[in-house]
Each structure stands twice: as structure tokens, then as C-alpha cells.
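J.: Given next are the chains, with one letter for each unit.
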Amino acid sequence: MITIDALTKRYREVTAVDDVSFTALPGRVTGFLGPNGAGKSTTLRLLTGLGEPTSGTARVLGRRYADLPNPGLDVGVLLDASAQHGGRTGLETLTLAQRTLGLPARRVDAVLDLVSLTAAEAHRRVRDYSLGMRQRLGVATALLGEPQVLVLDEPANGLDPAGIRWMRDLLRAFADDGGTVLLSSHLLTEIQMVADDIVVIGHGRVVAQGTKDELLAGAGTLVRAADPAALAAALTGAGFTAAPAADGAVTTDAGLAAAGAAAFAAGIAVTELRAGDGASLEETFLALTTDTQRDTLDRASGAAA
Amino acid sequence: MTAVDTAPPAHDAVAPTLRGATAPPLARLVDVELRKVRDTRAGAWLLATIAFVVVAMIAAGTAWGVNATASFGSFVSVQVMPMQLLLPMVAVLAVTGEWSQRGALTTFALVPRRGRVVAAKALAVLLVTLAATALSVAVAAVGVLVGGALHDVPVAWDLTADQAARALLIHVVSVAVGFGLGVLIRSSAPGLVAYLGFVLVAPMLSAIAASYVAWWASHGLWLDLPTTLQAFSAPQVTGESWAQLGTSTLLWVGVPLAVGLRGLLRTEIR
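As given, the protein sequences belong to chains A and B, one line each in that order.
At the far end of the first sequence sits residue 305, using UniProt numbering, and the numbering has no gaps.
At the far end of the second sequence sits residue 270, using UniProt numbering, and the numbering has no gaps.
Don't read these hints as lab results, they were simulated from the structure.
All figures in this text were calculated on a predicted structure; none of them were measured in a lab.
Among the clues, some could well be false.
[Claimed, not checked] The calculated label-pair distances, taken between Cβ atoms and stated as ranges, are:
1) A/123 <-> B/205: 55 to 61 Å
2) A/166 <-> B/16: 50 to 56 Å
3) B/270 <-> A/178: 29 to 35 Å
4) B/196 <-> A/128: 42 to 48 Å
[Said to hold, decoys possible] Stretches of chain B that chain A covers, calculated by requiring three or more beta carbons in the stretch to come under 8 Å of a beta carbon on chain A:
5) 18 to 30
6) 33 to 45
7) 92 to 103
8) 120 to 134
9) 263 to 270
[Unchecked claim] If you want the footprint, here are the derived chain A segments under chain B, 3+ residues with CB under 8 Å:
10) 42 to 55
11) 99 to 113
12) 140 to 152
13) 165 to 172
We put the beta carbon where it would ideally sit given N, CA and C, even for glycine.
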């Protein structure tokens, strides 16, 4: 259970996190989605007590993270897989955490097994690990204390397709066992595949949140015909919205049957009629991303002028 | 867009029970920090270098440093300077190692009370200092016996408890300087350079300043910790030296530690 309430973090000139509120519930995977630089990592750092919010609160299991006596036993955290001492072996990295938490040494072997790092790999120095192996090691550290909450920042970075599948199954199983999972990503598809609830953040603000089904359902119906203008006129004439989509298709808020009937009544032959494909979430997200890019372009040309 | 119902669930009022109900005891954190001192390649090399220098200095003393008697006191005091150079590096790296490789992200996520981690590190490097000093005295004892037998001269057990304590004091104060600079700078290479500047460059600059500025010549020792510390290797130490140790330690340990801790305890860990 994670409760973030009106969380705000201002640095000198930028507001990195702006009045962010959301809840991650037990038994569910909550995806924290946003383009790079949207404030995801800052939010997670504030959540885990590594930074102080300017205002607002972030609570895990009903408490401030910094007030958890031995947080590793309750919250598994992986904020940056590359932030591990390269001079230590994977085994030593885990042993340090195991000792800090006061766990028996066999937990180290158990989590190594869980993340499929072999004994030979565990004895290699982290410097020689691929990013995917570092992610596995980071997840192993997070799971060491058998926590009830997982907080992971971009855990799929650097994983190969099989690794991404493994990560998805692991998080699913963790949530199905009653655990709370909060994971961030800048990739919609990645979040779509694993999350039950989605929080979309851009420019430090929450721009959309809800269950995955709710967010994807907003897409309405997609209808295609030879003459999209006539089709759109027919739909609006019947009292529905009609917006042009890609390749001469039209999206409408009419249901499948109503959209088909409206086209039929106007004597228009429909060539495609189906539920919209989650375009609304994707478009929201895409708009956010392009916004960010346009901002940087403006700033760059402004600086050049 | 629809939002998740913002009304807090009923069980929010009662915080769930925690598995981690008690904080890790300080002794456990010290044990972990002692491990970190030696479990990286750099750390292991540094400790091996200290052991090697101790043995090499004594071996050289055994071969060439014995005159009419084999003096235990001089065997111990000859090691003070190399130890003063190397031991504080352990302290610098114990702190800066968390930042140079960003391990602080994991360390402080596991132990959010940062002050406890810093205290554990300080105790760990203090233990290393005590162990290294004990080792150097033990090796000196063996060396002086071997040296006496080798050259067929009597062994002089001429190390007073007072002198031994002052050798330890020099080590501890130097290590405290290294620790304070580490906390202040939080980056390995600059931290090490800063310590070398303190122990090697600062006394030279101070001597130059003393030859030009009369005021510095008569008052410099109140601020010049490395030069003040040299007086503590002498057979006798004046009350004024003790007072100078106090003020210069405040400057070289107290100020960096206070400023550094303020930042370390508050800064956002990235």
C-alpha cells in the first residue's frame, strides 16, 4: 500500500514533481508511466526517503518511509540498477544487504535463484555485468527481505525479451500473492502488459490515472469507409461525435451497433468496424512526449537566436 | 480521464504490521561497514599496502636501523609517518565509496537514518585504526627482537606508555581528518587529494608562510594541525602543544565534519 498525497518537489527553477497524488493498492501492479524527465524518478526518491518533498506526503504501509525501522523487510526498492559498486561481486553486494537487514545467509542463495543468476555469475564483479544482469541483481536485493511492497524504477531497461517476460511474470506473481507493486516506465507497451492500474505523469503532474481497462476503454469505436467525410457527417447527424483517425478511418463515441446502424441508414458501406484500440491513452502519452520534445527544441533555437 | 477513487480505503487508518519492526543495531551496521572497507579491490589493496609497509619498514629497521641497542621506541615511531599517510585513506574511501559508485542509493534505502550509517562508518575506521596500530606495535616488537639477535646487541624496551598513546593519537586524529574530508567532499579522488594536501602540502606552505610572516611563525601552530602533530612524536609534549592540538583539530576535523554532515544528512541521494 502506497499513498502519495499532493507531493511536490521544487528545485531552484523547476518544479520536478507538482501536486502528485495517487495510490498503489495491495494485490495490484501500478504502472507509473511518463516520458523521460517527467518526474517519475524524483517521485520515487521522495517516496523512499532519499529526498525531502517541498510539500505533500508519501507513505508506504501507512508510514513515512524514513520512519520504517528496517525498511528492507517491508519495502523492496530498486531505483537504479547501475548504481552498484563495480568493484564488488554480485554475491558480496547481496551479502552486504543481507547482513544489514539481519537475515540468514541462505536468503542470498534463495534470491539469486529467484532472479536466475548462476553461482558463477554471482562471483563476478558487478563492473563486468550487463545492464540486464544488474537489473536482476537489483531485483534480487529488493526481494531479499521478502517485502510486501516493491518499488522499481524502470526495471525492464536493459533486459532482453525473455528477461522482460520473466520480470512481468515475477511482478504478476508478487501482486497475486497480495503484494503492492509500483513500477515506472517510459514505455506504454511495457506498462500495458503488466499493470492493473496506470498513473500517467508529464511535466511533474499526473495527467491521467485509473485502471488499465478504464484508460483503454476511452477509445470508442473505429469505423472505416470509402468516403470518411460522408461517414463523419452520418455519425454526427445521428448525434455522435466523429473524429478523423489515421488512413481515412473515423473514431466515434457511438457503440459498435449504433455506429454500424448510422452508416447503414446513410447508405454508406462500412469497410471496417471495431472497438478503438486504446488510442486515447497512447495519444495522451504521445502528446506528452512530443510536448517535451518541442520544449527542448524551442529552448535550443531560443538559445541559438 | 477517469481517476482512481481518491477516498482512502478503510484500512488506511490502521497502519499494517511491519516485518521490520526493529531497526538494525549499530553493531550490525559497523560489521557491514567493516566489510565494505575490505571487500572492494581498492580497499583490499589499500589494507594490503598498509600491512606491507609496516612489515617492510620494520624489516629495513632490523637490517640497518640497529646501533648500540635495538630500540623498540624508535621502531614504533618510525612507522607513524607512513601510517599517518595511509590510514586516513581508508577513512576517506569508506565515506566517498558510497558516492563514487552511487551505492548510497541502496545504502540509504536500507537504512534511511543516515546519521547511523555515518556513525557506523566512523566506528569501523576507528577499529581499523586501532587494529593497524596494534599490528604495527606487534611487528615492531618482533623486529626489535630479531634485530637485537642479528646484530648481537641488547634490546631496549624504551617505549613509554605515554609515547605509545601519542602515536595512537596521531593516527586517530589523522584518520579523523580523512573522515571529515570524506564527509565534506564525498568523491574519492578529490577526497584523497585533499588529504594528501593536508598531510604533505599544508606543512610546507605553513613553513614558507612562517619564514615570511612573523605573526604566522609565532601563531601558526594554533591552526596548522599537521605540524602541530609532529610535536607529538617527541619524547615530551608541552601543555601549549595540547592546546594547539585542540584548536587546530577543531579547524581541520570539526569544521569539515560539521559542514559535510549538514549536507550529507540533507542532500537528495541520486
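J.: If a hint holds in the structure, say so; if it does not, say that too.
T.: Against the structure, the hints come out as follows:
no.	hint	in the structure
1	A/123 <-> B/205: 55 to 61 Å	violated, 47 Å
2	A/166 <-> B/16: 50 to 56 Å	violated, 28 Å
3	B/270 <-> A/178: 29 to 35 Å	holds, 32 Å
4	B/196 <-> A/128: 42 to 48 Å	violated, 31 Å
5	18 to 30	holds (count 9)
6	33 to 45	holds (count 7)
7	92 to 103	holds (count 4)
8	120 to 134	violated (count 0)
9	263 to 270	holds (count 4)
10	42 to 55	holds (count 6)
11	99 to 113	holds (count 4)
12	140 to 152	holds (count 5)
13	165 to 172	violated (count 0)
Checked against the numbered hints given earlier, this structure breaks hints 1, 2, 4, 8 and 13; the rest are met.
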